[in-house]
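Make the full structure from the sequences, and use the hints.
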Amino acid sequence: MKKLLFLILILNFESALSQENVIESFSNLEELKIRANQGGLEKYIKFDKANSKVINERLNLDYKYLEQGNNAVYPASTKLIVTKLNKNSSKKYFITWGAINGPSRGFAIFEAKEPYKILGVIYSSKIIVPGNGFIYSIEREDHNFYVKKKYVTDNDSISEVKQPYYGVNIDSYALEAITIYEDESLTKSIAVIPKQGAIKVLVAKESNEYESKYLVQSSFGLVGWTKIKAAQYRSMSVEGIYYYGD
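Taken in order, the sequence shown gives residues 240 to 485; the numbers are from the working numbering.
One or more hints might be untrue.
[Claimed, not checked] Each computed DSSO-like pair below joins lysine-lysine, with the alpha-carbon atoms no more than 30 Å apart:
#: 1; residue 1: Lys387; residue 2: Lys466
#: 2; residue 1: Lys434; residue 2: Lys466
#: 3; residue 1: Lys326; residue 2: Lys285
[To be verified] Ranges of calculated distance between the beta carbons of each label pair, as one might list FRET restraints:
#: 4; residue 1: Ser424; residue 2: Glu296; range: 52 to 58 Å
#: 5; residue 1: Lys389; residue 2: Leu461; range: 26 to 32 Å
#: 6; residue 1: Glu296; residue 2: Glu423; range: 44 to 50 Å
#: 7; residue 1: Ala289; residue 2: Lys356; range: 20 to 26 Å
#: 8; residue 1: Glu270; residue 2: Ser458; range: 31 to 37 Å
#: 9; residue 1: Glu353; residue 2: Gln471; range: 39 to 45 Å
#: 10; residue 1: Asn325; residue 2: Met475; range: 39 to 45 Å
#: 11; residue 1: Lys292; residue 2: Gly372; range: 56 to 62 Å
#: 12; residue 1: Lys292; residue 2: Ser396; range: 21 to 27 Å
#: 13; residue 1: Arg274; residue 2: Ser398; range: 46 to 52 Å
#: 14; residue 1: Val400; residue 2: Glu281; range: 20 to 26 Å
#: 15; residue 1: Ser428; residue 2: Gln402; range: 26 to 32 Å
#: 16; residue 1: Lys427; residue 2: Asp485; range: 36 to 42 Å
#: 17; residue 1: Asn295; residue 2: Pro433; range: 49 to 55 Å
The hints are simulated quantities; they were obtained by calculation from the structure and are not laboratory data.
Predicted model, so just to flag it, every value in this text is computed and none were measured.
Backbone N, C-alpha and C fix where the C-beta goes; we use that ideal spot for every residue, glycine too.
Here it is in structure tokens:
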């Protein structure tokens, strides 16, 4: 319960900040939009202009594809930029966009001095590379809502920073009556949000399950856990919560 109360305080604090004239995260970065025929989602990379150079040309590989471990990057990929993942380091990397492991698409990061050495891949339509040693991603495809992730980079790999929950932050309405509960066991009810009733979805346990637990808030302001169903391209429990992908 203490953890839940702390989470609510953080969410309320973020809501209060959004009502002030605050600087949006990464608003100082340059944005390069990616032209791609696949899907209707916006695709881009944001980066620190002072430590980056835009290339935006086809990746020149003399292999059919470059494969390391489970990563296969195809030569149809586009080399977007050369950049420093950490502005305090002299090491540079180039970042590509294109096919990875067959039909999947995303970003691959290579060492600039060793262009066939893959540091890692990120399956996403948007990434942010601010030059602080981290990479951030925003993705809707294969998820029930926009999922934001953070990755830490070192000399040899990229690894995701685990979060206790995924932020959802959707103001919507219920497509069916939704009972909210005091904890994740879903045993003691707090309230029922009626069909067509206003609902704010705060966080989620999972991002791509057909049915998963979400922390929600009623129009009155009561907060509790519930289960929300999400069909493929179709909202079932809450408008706007649906699986986008094959």
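_Please list, smallest to largest, the hint numbers that this structure does not respect._
When the structure is compared with the hints, numbers 11, 13 turn out to be violated.
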